[in-house]
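Going line by line, the protein sequences match chains A and B.
Using this note's numbering, read the first sequence as starting at 1 and increasing by one per residue.
Using this note's numbering, read the second sequence as starting at 1001 and increasing by one per residue.
Simulated from the structure, these hints should not be mistaken for laboratory data.
For clarity, every value in this text was computed on a predicted model and none was experimentally measured.
Think of the CB as a built atom: it goes at the ideal place given N, C-alpha and C, for glycine as much as any other residue.
Take the hints with a grain of salt, since some may be wrong.
What the hints assert, rightly or not - Covered by chain A, per the in silico footprint, the following chain B stretches (three or more residues, Cβ under 8 Å):
(1) 1006 to 1018
(2) 1031 to 1041
(3) 1106 to 1112
To be verified - Across the chosen pairs, the derived CB separations fall in these ranges:
(4) P1039(B) - N67(A): 39 to 47 Å
(5) S28(A) - G1063(B): 25 to 33 Å
(6) G1040(B) - Q69(A): 38 to 46 Å
(7) S1080(B) - T60(A): 27 to 35 Å
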Amino acid sequence: AQTVTQSQPEMSVQEAETVTLSCTYDTSESDYYLFWYKQPPSRQMILVIRQEAYKQQNATENRFSVNFQKAAKSFSLKISDSQLGDAAMYFCATNGGATNKLIFGTGTLLAVQP
Amino acid sequence: DAGITQSPRHKVTETGTPVTLRCHQTENHRYMYWYRQDPGHGLRLIHYSYGVKDTDKGEVSDGYSVSRSKTEDFLLTLESATSSQTSVYFCAISEGQLVAKNIQYFGAGTRLSVL
């Protein structure tokens, strides 16, 4: 079975500062991906970043980067130069298997203070 | 943005009534999914489809059924709605499970209240 754990229900960051959201996972799949999705108040689920488990290099998308520690089954998201528009719920997720279904964590609500 | 339309966007219904939620895509993607989102649980998979008339259960499928008669439409039915099915329902699509094709794109969600 696959599980995803986000141990920080809420986080807060000052505008222009850096924040890191934590995620740990467990999976029996040998080939899998890890994802961070953002859900702003509009409720729309937006893909932030994706990491292929067999790649050691950490994924980066503009101000968003991950710290992927495969042995520790850790997948944290770093947001640099935080902006007011980054305020949202962030979900960590993993997939795997033939069906590509996603297993989500419970989310971290990020507040950005001006 | 992926062409995914969920309807209705909001619905209030009474316990015991049947409810059908519709997901329509214009991307011709093979895989379609229904998730529910509840506080403290994140999103959980209800049912998914891997082709026309090919569906399977997810982790929280009790009380729900699905149908997919066309590539573009995936219907979620609550045969007899209960208050525990009050939730936000998301449809998602993906092209496949291969590299560069396994990203799931989500619809805007349907907020369902069962009174």
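Going through the hints against the structure:
Look at the region 1006 to 1018 of chain B against chain A: 0 of its residues bring a Cβ nearer than 8 Å to a Cβ of that chain, fewer than three, so the hint is violated. Only residues whose C-beta sits within less than 8 Å of a C-beta in chain A count toward coverage, and the region 1031 to 1041 of chain B has 5 of them, enough to reach three; the restraint holds. Using a Cβ-Cβ cut-off of 8 Å, 3 residues of the region 1106 to 1112 of chain B lie near chain A, which meets the minimum of three, so the contact claim holds. Separation of P1039(B) from N67(A) is about 28 Å and departs from the stated range, judged on CB atoms against 39 to 47 Å.
Checked against the hint of 25 to 33 Å, the pair S28(A) and G1063(B) passes, with Cβ atoms roughly 28 Å apart. With their beta carbons about 26 Å apart, G1040(B) and Q69(A) fall outside the hinted range of 38 to 46 Å. Checked against the hint of 27 to 35 Å, the C-beta distance between S1080(B) and T60(A) comes to roughly 48 Å, which is inconsistent with it.
Checked against the numbered hints above, the structure breaks hints 1, 4, 6, 7 and satisfies the rest.
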